[in-house]
Amino acid sequence: MRHINDLSDLTMEEFRELYKLTSNIIDRPEGYTEACRGKVLGSLFYEPSTRTNLSFSTAMMRLGGSVVGFSNPNSSSTAKGETLKDTITMVSNYADIIVMRNPNEGAAKAASLFSEVPVINAGDGGHLHPTQTLTDMTTILRLRGSADNMKIGICGDLKYGRTVHSLIHFLANYENVQFYLIAPRELAIPEYLRQFMNEHKMKFYEVSGLEPVIPMLDVLYMTRIQRERFADIDVYESLRGIYCLTAAKLRDAKKDLLIMHPLPRVDEIAQDVDDDPRAVYFDQARFGMYARMALLLTLSKQPRIHMPKNIPGRPNLRCTNPKCITRKETYLPMETHRTREGERCIYCDQLVEYRRMRKFNMDYEY
Amino acid sequence: MRHINDLSDLTMEEFRELYKLTSNIIDRPEGYTEACRGKVLGSLFYEPSTRTNLSFSTAMMRLGGSVVGFSNPNSSSTAKGETLKDTITMVSNYADIIVMRNPNEGAAKAASLFSEVPVINAGDGGHLHPTQTLTDMTTILRLRGSADNMKIGICGDLKYGRTVHSLIHFLANYENVQFYLIAPRELAIPEYLRQFMNEHKMKFYEVSGLEPVIPMLDVLYMTRIQRERFADIDVYESLRGIYCLTAAKLRDAKKDLLIMHPLPRVDEIAQDVDDDPRAVYFDQARFGMYARMALLLTLSKQPRIHMPKNIPGRPNLRCTNPKCITRKETYLPMETHRTREGERCIYCDQLVEYRRMRKFNMDYEY
Amino acid sequence: MRHINDLSDLTMEEFRELYKLTSNIIDRPEGYTEACRGKVLGSLFYEPSTRTNLSFSTAMMRLGGSVVGFSNPNSSSTAKGETLKDTITMVSNYADIIVMRNPNEGAAKAASLFSEVPVINAGDGGHLHPTQTLTDMTTILRLRGSADNMKIGICGDLKYGRTVHSLIHFLANYENVQFYLIAPRELAIPEYLRQFMNEHKMKFYEVSGLEPVIPMLDVLYMTRIQRERFADIDVYESLRGIYCLTAAKLRDAKKDLLIMHPLPRVDEIAQDVDDDPRAVYFDQARFGMYARMALLLTLSKQPRIHMPKNIPGRPNLRCTNPKCITRKETYLPMETHRTREGERCIYCDQLVEYRRMRKFNMDYEY
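Chains as they are written, first to last, in the working numbering: chain A, 218 to 583; chain B, 218 to 583; chain C, 218 to 583.
Treat the hints with care, since some could be wrong.
Said to hold, decoys possible - In silico DSS-like links for lysine-lysine, alpha-carbon gap of 30 Å or less:
| id | chain 1 | residue 1 | chain 2 | residue 2 |
| --- | --- | --- | --- | --- |
| 1 | C | K526 | B | K471 |
| 2 | A | K545 | C | K526 |
| 3 | B | K526 | A | K368 |
FYI, nobody ran anything at the bench for these hints, they're computed from the structure.
Only chain A is shown next, with the shape it has when bound in the complex (with noise of 0.2 Å):
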């Protein structure tokens, strides 16, 4: 692995090391205090997120490495209308490493394909957000002790989740994985995913209902369902709380159930079952942090390489995706990836048109 912009760019073999280490750092800390000294964090958050900004903040400064960067884009040059091309080669010139959160789909494999060093996504519009996936897999093997042989309830927003999806593309390595997707019709897993999991035999049952599964479950990952992802605000009021955990619907669940969120909760899960020992999204939160020192002490090793900045892609070709970082940084050489349903863009992973060349095309090489 060189860059980490999905889960998927690890192998099995490479993750049980990544959490191989992540244990080893959870039981002895002061073992790594000095494990990344003098080396240099490229933090660039072009959207405000203070929770990942500060783990992956937090996990450097425990290596005993620096941190540079900015947490919101009025301070970049981006207002100089600079390109993220420029950007990403400006800031790989100082850092050893680069942390990414932007609100365009595609954004960190974009920045991947220019940098000298290795980009972390740390989330890119909704599209992915692999440190999250990693936070919920060393919680549930570091409290679980495996993933195999479980039943996870996965309840709220289906639909636009993105820690949702990623979790489960990475259960799929695991044995006899059982999904109870609770959501509302509009807020439905994808068709897609039900396609993954039917290819990968994996066992789903969708319900509309939280409390009749609860008792069945050995995990029950609730999310927020969240405003941002919303173009019509009133579907959001319609659907916000509908659904609520409290200690009351918890009283036939199994004794060692483990209650995950991604957090920030707004209502779904109420303050009085924070108390109760089967909550564990806060340790989640801390864990979340271990597994990004992990990482950034893996890919900090690396050596420097310098990359082509001027990539030859296939201009007659344009992402469908309005939110897709090819639209807005219009030189991304255009590449797919085959799929079922067609041509995907490597970035944001939609649909891709052709369309007639025109001279003006050709500017986009400029």
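Given chain A, put chains B and C in place with the hints provided.
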């Protein structure tokens, strides 16, 4: 001591220990450059405050520690509707000690209920700002040797000036301190402080003129009339600039007078005073940094403590103060301390009112 | 040298020492990772500038030092009406060295009057930006071995481009440098620089076309036409993009040409140039970081000096430049240096005017 919400959280014994440590750091800072190596300070500034923010950050760095956090609310998770309780629980998972500035009164007290690590109040609205008083006392003790037997003039906004109130409270611990309270009627000292001084047999004189009293003083503490504290801007405009200390007015002042100011100043001290050896307000800022080093070093040695997250309060109580943190964070357990005037909110110290319980009040628990 | 307001604050002797140190750091950075351990850089950015900000912060951290400060004015005490003088006095109480970017011309010079620690000018409006020139010279010397006997083309905004003016000034220290000044009439080099070059017997040719001169050049320095510098946006629109260096235009260029740019670029250099080995503008950014390391290391060794805070000036003088720091910070002592055209402001180098003294002018002292 565990948290520092108010300076009253310290016993005089603890304060003397702290001052002794501060003095040692001032005398040989090089002995402390690794004292907090590996420790992380969580710096949560919900409103900008360069001075306090830089002072704490520099203090931590001069101890060899690191700093993470934010310096304005926009880059915080609160934007996503997260409660203070959850933000603090998260940050206390990452950091070894927390410093918080918040516009709501009682915010730091609220934070200390949930934090697994020590919380230092760096200002909660117009309520408390203990490290400013620590700065003031360090300056007086360091430059005068003692705070006993002194005549101190306090000039400017005695009504809203929280640093003034806090300083008066703390000086009750010393012998024979005489106060000259210099303010226009509109900004006179609050009645409860008059009572406090009478109860503690502290001599004080209220005057409206600055010049006449200057010759008598051992310490002159000037304050800024803060626009932020005024509801009516006209009242502010009519009062700003009524006091302006100039070199000329110091002609008959004592040779060993200490001229202090919490800073920033606007025009209450003319610049021709700056080079007077008795003007110590800039040294005061440096002493403040050393006092914060001592505080951080002392608190950071405490073990992490798991705190219950769901605390039963008295839902039939309500704070009458619209700026109280309990108005914004409605899940906070209401409790009071008794005073002559009645029961006061444990967060912001304002009076509380009783209300008839209705179903929706129960929601406060959720 | 104590402060770096302009590169002219360095003697050639000092500059050679600095370049020697820079070279040593480039050759073996591992030898300097603890060189500034325990030192604190105060980084005061009154306007955003990712590049310069990151470069200085990274430089300090790679020396083992720490950084405190702010990257935008909103999180600064100036919001509370504090003078630059007080802010600098405060920060110089906390930090061992100060770097400042400020939109007002002469701001760094003003800061250096009051700071107890060295101040580095990281850009004061359109006036000076010495560490950019340091970056440019380091790049030329490192890649060419010498700046003597070279033909350098400077293209784009020669009227407002402060980095261009500064570079021309500094190259007066070298033998047989020939300039090709490539700009449209509206952005031609200022008259005073023509005089400067004539006085110093520096050969220069003013042309409007880029392509014809390329084959002659040893160095081609491209610049961005900056929107910020134009009062009239239409003029900006008519001029932006008139020069665009492409791979095609480099066909007849020398094999060892150096293509430089201060960055960020917009469209003055096409992306198909980026992979040309002669394109060194991204390496330039890295050299800049190393030059700043050398500068920080050198300056941070100086002892703290107490500065008088109240400096008498000539209140009957007034700078004619509306962007001059003396217009905003009216207490600043006015002084001038004589030039052929008349007396110039020591802060922004613009002409001054005499005025009849009135009572209210005296207020400037307060």
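Results of checking the hints against the structure:
Proposed proximity of K526/C and K471/B is supported: the alpha carbons are some 22 Å apart, at most 30 Å. Distance restraint check for K545/A and K526/C: the Cα-Cα separation of roughly 50 Å exceeds the 30 Å cut-off, and the hinted pair is therefore not satisfied. Of the pairs offered as hints, the one joining K526/B and K368/A holds, with about 28 Å between alpha carbons and a cut-off of 30 Å not exceeded.
Checked against the numbered hints above, the structure violates only hint 2.
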